[in-house]
Structure formats: C-alpha cells, structure tokens
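K.L.:
Listed here are the chains, written in short residue letters.
2 protein chains.
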Amino acid sequence: MNYNKVNNEVLSSLIGFIGLENVKTDGATLEKYSYDETPHGLRALPEVVLKPENTEQVSRILSLAEQNRIPVTFRGQGTGLSLGAVPTSGGMLVSFERMNRILEVDEDNLMAVVEAGVVLQDLRREVEKRGLFYPADPGERTSMVGGNVGTNAGGMNCVKYGKVRDYVLGLEAVLPSGKILNLGGKVVKRSTGYELIHLIIGSEGTLAAVTKVTLKLIKLPSLFITLYVPFNTLQGAIKSVSEILRDRITPTAIEFVERDVILETENRIGKKMPNHDSEAYLIIRLDGDNDSLLYDEGEKISGVCLRNGAVDVLVADTKESQNNIWDIRSAFYEGIVKNKDVEVIDTAVPRSKIPEFILEVKNISSRYGVRILCFGHAGDGNIHIHPQRNDLSVEEWSKKLPKIMEEVYRTSKAYGGTISGEHGIGLAKKKYLQIGLDEEQIRIMKEIKKIFDPNNILNPNKIFDIDDSTELVR
Amino acid sequence: MNYNKVNNEVLSSLIGFIGLENVKTDGATLEKYSYDETPHGLRALPEVVLKPENTEQVSRILSLAEQNRIPVTFRGQGTGLSLGAVPTSGGMLVSFERMNRILEVDEDNLMAVVEAGVVLQDLRREVEKRGLFYPADPGERTSMVGGNVGTNAGGMNCVKYGKVRDYVLGLEAVLPSGKILNLGGKVVKRSTGYELIHLIIGSEGTLAAVTKVTLKLIKLPSLFITLYVPFNTLQGAIKSVSEILRDRITPTAIEFVERDVILETENRIGKKMPNHDSEAYLIIRLDGDNDSLLYDEGEKISGVCLRNGAVDVLVADTKESQNNIWDIRSAFYEGIVKNKDVEVIDTAVPRSKIPEFILEVKNISSRYGVRILCFGHAGDGNIHIHPQRNDLSVEEWSKKLPKIMEEVYRTSKAYGGTISGEHGIGLAKKKYLQIGLDEEQIRIMKEIKKIFDPNNILNPNKIFDIDDSTELVR
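Chains as they are written, first to last, in our numbering: chain A, 722 to 1195; chain B, 722 to 1195.
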C-alpha cells in the first residue's frame, strides 16, 4: 500500500488537536506501543502515539489521517493475542488509555455507558458495588472494553452468559471521514435497518474507532461456588463436560486444564493448587441466589464427574478459596507462554466434539513430536491449544509449526468449528482465514471494509489483505 | 427500477427446477400471497408463487431471477406487520412453507437446526418434549422461523431472554448469484472475520434468502407463574415496571395493556379476563426451578404493584389459568385491529422512559383528537401504539395519521428509542427511517445492500430505496 508518513505538518495539526503531551514520538514510547501479548510476537513501531481524551479528538485525528492517507491502529491495553493492535504499517497509533471514564451506571435500565478505554476489572468493580453484574469475563481482566468489543471477547462465563457481543446495546464509533456513528443505545429491542453494531463488534479496529459502548448489565448473583475436580484421564474430564450440559445443568463456567499447565503456572506465580497427580482437571463455577438449589447442582455435577473417573471433587465456597483457584486459572496463559517459544491456537468447536477434537490434537502432537498443552473453556467448546518448541531446533520448529497449525485448523473446521473463538484473526491467524471461511464470505467482508474505510487506513492488513498480498493457506 | 417480467421461458425453467405443482400462477394463489397482516395494508400480486423444498432449489431460483433481473420476495407465514413480505414489485414470490423440517434437536449441544419454514409453535413443542426451551416468543406463534430471523423478532420474553438475534448461532443463506453461504454453526464463540450472520438477521429479506437456521436452546424452566395486576391509573402500572426491574427482579415477561384493548379483545374472541373496571393492567410471567424462590419474587412484585396503586394481584399458577391469560394476550393485536382502520406503531424506548413516553403519546392523541390504544412489552420498552380512525372521515384520518406517526417517532427518538422494536421497517415505515437513523448510517446500509444484491432483485424498495425514490420524513 502507498501510505504517507507522519510529517511535521501532520504532527503540528495533531498537537493542535490534543496537546503536545498527548502526541508522543520518543523512542521509548514508540517501543512500548509496538507489541501486544502474542508470544514471541512481531514488533512494529508506530510513527506517533496519540492519546486523545474524547470522541471529538478521535474524529479530528481520523479525518486528518484519512486526508493524508496515513494508517491508524487502535490500541486498548495491548493484551491481544493475535497481533491485532501492532501497528504493522507504522503511521498513527491511537491509544484509548485516557478515554477511561465510566460515564454512567444506569440502575433503572440496568446498563452502563463507558468509554472505550475503561478497564474491565474497574467496570466490574463499579457495577458490583450496585449489585449489578457485567458477565463477559475474558481471562485478562486488565483488558479494555474497547479491545473486548474489537475481538468480540469471550472468556470463562460464556457457558451461561455469552460473549461481549451479547452485552453491547449501543456503540459510538468514528469513521475515517471523521463522521461519528451513534448506533443503538439504551434500547433492548431494535429492528430498524441493518445491524451495524454487530458488524463493528469483532472487526478488530478495521472498520471504525469504537469510542463509547452501552452495555447491558444483569443482577449480580448472590452466591458462587467453585468445584475443582481432578481426573485420572483427560477423556474422563472432557466427557463429564458433555454430560453436565446434557443433564441440563448450566454452570457459569467450565474450565478444562491439563496437569502440566497447572504445574508450569504454579512454578511461575508461586501459588499451589491441591492435587498434582492427576492428568486433567475441571474447574467449574456455579452461581445463583438459592443455597440449596446451588448445592443440588453441585451434587449432580459431582455425581457426573465421579462416574467419569474423577479422583475427588473439592468444593470452594468462601470468596478467598474461590479467588485462589480463579487467580491461578487466570495465570495459565502466562504460566505456559512467558519466556517460551509457544503458539496460541484459539479454535472453538461444538461442545459435543471436544473429546474427539482434543484426541485429534494429541495425535497431531505425537505425529510431529511436538508437545502441545491444552486448556480452556470446555463448557463453550473454546479450547486454547499451545504447541511448545522446547528442545526442537528453531529450524525444525519453524518447519513444523505452520503444519501443526494448519492441521489443527482443518480439524476444527471438520468438526464444525472456527479458526478463532475469541482472540480474533489479527495478523497472526490471517494466513489461515480461508480454512475457516469460504471465498465468497471473505469477498463480502472485503467489500464491507471498503464501505467503511475506502482508503484502507484503519488497521491495514489485519484479518485479511484488501489487495490479497498474503498467500492464504487454502 | 427496470425489472423484467416472468415470461414463459422463465416459467418453464422454474417448473424444471421445482415441478409444476410448486409453480403457481393462478389468480387465487397470487391473491393469497399478495398481502400480510399489516392492517388495511397494501396488496400487490406476485407474477408467480414458488414453493421450493430445499436450498438447492432456492439457489437455482435466485440465480435464474438474477440472470433475468426479476424481483424476488421471500415469505414465511405472512404474519408481518410492515408489508415486508408484500411483493410490491411483482416478480417471484418464494414461500418457505414446504421447507418446514426440524432437521435436528441436538441435546448434547443444546441446539436445533431448522429450515426457514418451520412454524414457531411446532419448534417450541418439539424442543419442550425434550425439556428444552426456545425462548424467543413473538406474539404470533404461527409465524415461521425464517420470518422471525428476517425481522429480528422479539416478543414477550425479551425481558429475561432477549430477541431472536440472541439465539441464532448459524445461518445458511443464498445470495442472488445462487451462491450458498454457510455462516457460523454449532459454535457459541466466534471471532473470525466480520459478523455476516447478524447482518442478515433483521435485513427483511433484502440481502439473502435464509434457508436454514441453527438456534441455541436452553433448559426448560420447570415452573411458571403469571400475575395479572389491574391498576387504577396507567401511570401506576408503568411506574411499577421500572421499580420491579430496579429491585433486580427479572421476570420472563412484563406486558402492559390498557382496559379498552382488553374489552375489544374479549368481544372478539369470546373469552373473559377478571376485572374490567381498571384503567390499565400488567401481565407478568415468572419462571424458575424453585418454588419458594419464585413465589418470593411474586411477593416482591405484588408489593411493588400494590404500592403503586394496584387494585389487586391475581396469581395464575395452573397451566390452564395461565394459558387463558396468555391466549387473550396473544389476541390483543387482532382484537383492536381486525376490521378497523388502525395503524401499528412499534417503537421501543429505554425502559425507564416508558412513563414519559406514554404520557407524550396520550398528549398527541388529545391534540389530534384521535384515539390511540397502547399495549405491549413494557419490560423491554417496546410499546405497540395503535391510532384508530373510528368516527374520523377518511380525509381527516389520512391527513392526521402521518403527522401522528411522525410525532410519535420523533418522540421515541428524543427519548433514545427506535422506529421499530421488532416488526421491522418493510414498506410501511420506510418514510420514517431517517427519523431513527442518520444519513451516514443509511448510506452504509445501502452500500451493504449493493454488495449482497448488486442488481437489487431481493425484496426491492423495502427498508429503504436504493434510488431514493421515496421522499423521506427527515
């Protein structure tokens, strides 16, 4: 693509828009905004980092970029796992860190209106004070709402409560022209023209800048319990998941993890989980407002698990004991990824297909002689799969890894699954998009991109290339 | 638009595709498919009615229509209320009545896969046999799933369970080119490219033919109770709704109705509701699996209602007594619309704004000297507003009605509401679209339409005109 550079004239306009202190071109800042949390991920320096504080400023920045044909990448907290926020074409990086106001918690309509840069755990804390609950729960709670919208983040609570998409009722978004779209709002029913909100959700910053979000909230359940269930066999753990759901029990979360993931996480964060001898574990959260109903469900789940070879069922019902388990769960990713050559594969398959799918992944692991660790959201079919380099040479690794990825994606597709369940495609998974989507779907998506962003300045070359410059695995 | 007619050559191709008995050109059939349930609505004859039985046939029909530039209108049960399925440009009318198979009720994944022509009440019956629940509950239970997808239908249960959109996980849809899109599937998490499913949902047959739908199901609650609550004042009824929700109680449904609607419905269907002396009524459904929890909620709701001037709170907990109430509720629309000059306005506003909004509607009613009856989904802000002609002359009525509609839409917009909550825009509300959506949003929608349907053969002139031939109320 033929982009222009951020020259002095552009810089001085930007300074005029948002002030000198919010226009950063020093090396340390550019470096800090050059990567996300994708393991051993690509780094790419932006030419300038911008920190607007309101929508009007975002609008002026975008229309300047559009007029000058300068690429713009949006960034929340940079916790993405598919290089979505890495400014691979240089240009402007717009960070939403200063747009971090919770504008309203509306207790009459059970909604919150927030700026894109609000941090997830701040939002949750704020609404929980009022007895309300924002259930979308990506593993990374320091992520920002805007980023969550960008990838249609999912997380733990999907089994019962769904994804970010299910909670977005309104969006304010800015187009490259600088025009501001006000979509939806505090209305729960809408049948008025095509659904642009859902088009922007999950578009990874390629269609518009999301500046403000209206989110649905629900009543905070008064009771939570967590079950920690070690199994002697991986298949027993996974089979229990299907049976729990088939028994019409809907836990808040059902997380699955292999022993090695727990061991590596414990090593890293210095906390201990009970039982280290079992092959696989389920961590199950239940919520509700009635004690006996909740423990009944817990009993039923225990029964299912014990029938499928669970070694024990440990029940955590104090806040502290539950937090201990979920803190370790939240650290799994870091545990197995930090300082290692690892890939993160984020397929989602129909829940009932998880046993076969994981078996197939283990077969792939044996065939290539590459260790693959699995954990993830078994209750919703979204398993994170982590091939590790370990003792392989860099050459062998770089030969084998793309083949492994391709095989895992094809397997997921064959089972009716997707390429990405919640991390998004970004740059990291772009090559594999066409395993998941057919040519006609991608053609339509490219045409949609052109409507929103005719000069291709918004996060160019993420999800797909308008000009087909990347060779796709077909 | 410059469309071609369905000539003999086209007819004989169609007969070749789907058989003579499924290609209807007789006057009686054309007449039967020329209207929907919009009161005193426009009629327009198609040139041919087609009854394909599978996706392949739909694909062949569409690609023939595209090659010959013949308009195509899709029709489910024809229960729409905005003229969406009326073939105003003639051409082919594709009825999905023969594509009525429930292909699968998947008890492992809690999903159903159905053809577009499956009737809602058949689907519900089938899944309820298995202890499962499809909660999307449009008033018209004889409607078809495909039509529900077309308008993003809502209905009664939105308070707790959301709209049709919230239950669609996969779609099979056919483009005018004949290409078949397989979108999503039995996967509950997906972050893989732009969301085309949600673009097609609510697009009222203007983007693609929906042929197959994968729907999320949930566990069927074991207990339901219904409260029937007469109020001396309309404001007391409406105020109770906000307070119930503010108290963090989430009923399945909260329906609001004025006395006159009940009286007219009783007259029509020959069933009686208790209490006829009160100005307004709430009908509230609760569901759950725990008796005492459910009755606790019922008690709390009673308390709120009585504090706000409820005359009584009648509890129906047998299946029969509840059905009696909900059968009458389902007949409201017919009760006040049949054989009368009536308009149906389907605005949705933030729940907390309902009291002010209804007051404003009543003011509009007085100012124009036109009776306006209201009922609808108070729990989700979607109130159906029915101006009636009564003794007005046709001239007066046709002068006043557009002004009333415009004022109601502007009021809804001012309160943060929409033009249509669940009926869709179709032809009937097209003039008013720009009160709800700004020019840029409509521009984007038109461009999206061109991607899917470049020759504008799919349900032309619904929602908006590609060629701006209708003058919009701005």
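Rather than coming from a laboratory, the hints here were simulated on the basis of the structure.
One or more of the hints may lead you astray.
For identical chains, the list gives no copy identity; a pair is met inside one copy or between any two copies.
Unchecked claim - Calculated lysine-lysine pairs in the DSBU-like style (CA-CA distance at most 35 Å, straight line):
1. Lys772 with Lys1134
2. Lys772 with Lys1040
3. Lys900 with Lys1134
4. Lys960 with Lys850
5. Lys940 with Lys1121
6. Lys1134 with Lys850
7. Lys993 with Lys745
8. Lys1061 with Lys992
9. Lys900 with Lys1124
10. Lys937 with Lys1170
11. Lys937 with Lys1083
12. Lys1152 with Lys1170
13. Lys940 with Lys1083
14. Lys900 with Lys1061
15. Lys1124 with Lys937
Computed from a predicted model, the values in this text were never measured in an experiment.
K.L.:
Are the hints correct? Go through all of them and say.
P.N.:
Results of checking the hints against the structure:
1. For the homomeric pair Lys772 and Lys1134, the shortest alpha-carbon distance between copies (33 Å) is at most 35 Å, but the shortest distance inside one copy (40 Å) is not.
2. Taking identical chains as interchangeable, the C-alpha atoms of Lys772 and Lys1040 are never at most 35 Å apart, the minima being 37 Å within one chain and 59 Å between chains.
3. Within a single copy, Lys900 and Lys1134 get their C-alpha atoms only as close as 38 Å, which misses the 35 Å cut-off; across copies the closest is 20 Å, which meets it.
4. Only between protomers do Lys960 and Lys850 lie at most 35 Å apart by alpha-carbon distance; the minimum there is 25 Å, versus 38 Å within a single protomer.
5. For the identical chains of this complex, Lys940 and Lys1121 are neighbours neither inside a copy (48 Å) nor across copies (44 Å), given an alpha-carbon limit of 35 Å.
6. For the identical chains of this complex, Lys1134 and Lys850 are inter-copy neighbours only, at 31 Å across copies versus 42 Å inside a copy, given an alpha-carbon limit of 35 Å.
7. Taking the closest pair of Cα atoms, Lys993 and Lys745 never come within 35 Å of each other, the shortest separation being 42 Å inside a single copy and 72 Å across copies.
8. Taking the shortest alpha-carbon separations for Lys1061 and Lys992, only the intra-copy value of 20 Å comes in at or below 35 Å, while the best inter-copy value is 72 Å.
9. With identical chains, the CA atoms of Lys900 and Lys1124 are at most 35 Å apart between copies only, with a shortest distance of 30 Å across copies and 44 Å within one.
10. Taking the shortest Cα distances, Lys937 and Lys1170 sit within 35 Å of each other both inside one copy (27 Å) and across copies (29 Å).
11. In this homomeric assembly, Lys937 and Lys1083 come within 35 Å of each other (Cα to Cα) only across copies, at 30 Å, whereas the closest approach inside a single copy is 39 Å.
12. Taking the shortest Cα distances, Lys1152 and Lys1170 sit within 35 Å of each other both inside one copy (18 Å) and across copies (28 Å).
13. Taking CA atoms no more than 35 Å apart as the test, Lys940 paired with Lys1083 passes between copies only; the shortest distance there is 33 Å, against 41 Å inside one copy.
14. Taking the closest pair of Cα atoms, Lys900 and Lys1061 never come within 35 Å of each other, the shortest separation being 44 Å inside a single copy and 45 Å across copies.
15. For a Cα distance limit of 35 Å, the shortest separation of Lys1124 from Lys937 across copies, 34 Å, qualifies, whereas the shortest one inside one copy, 41 Å, does not.
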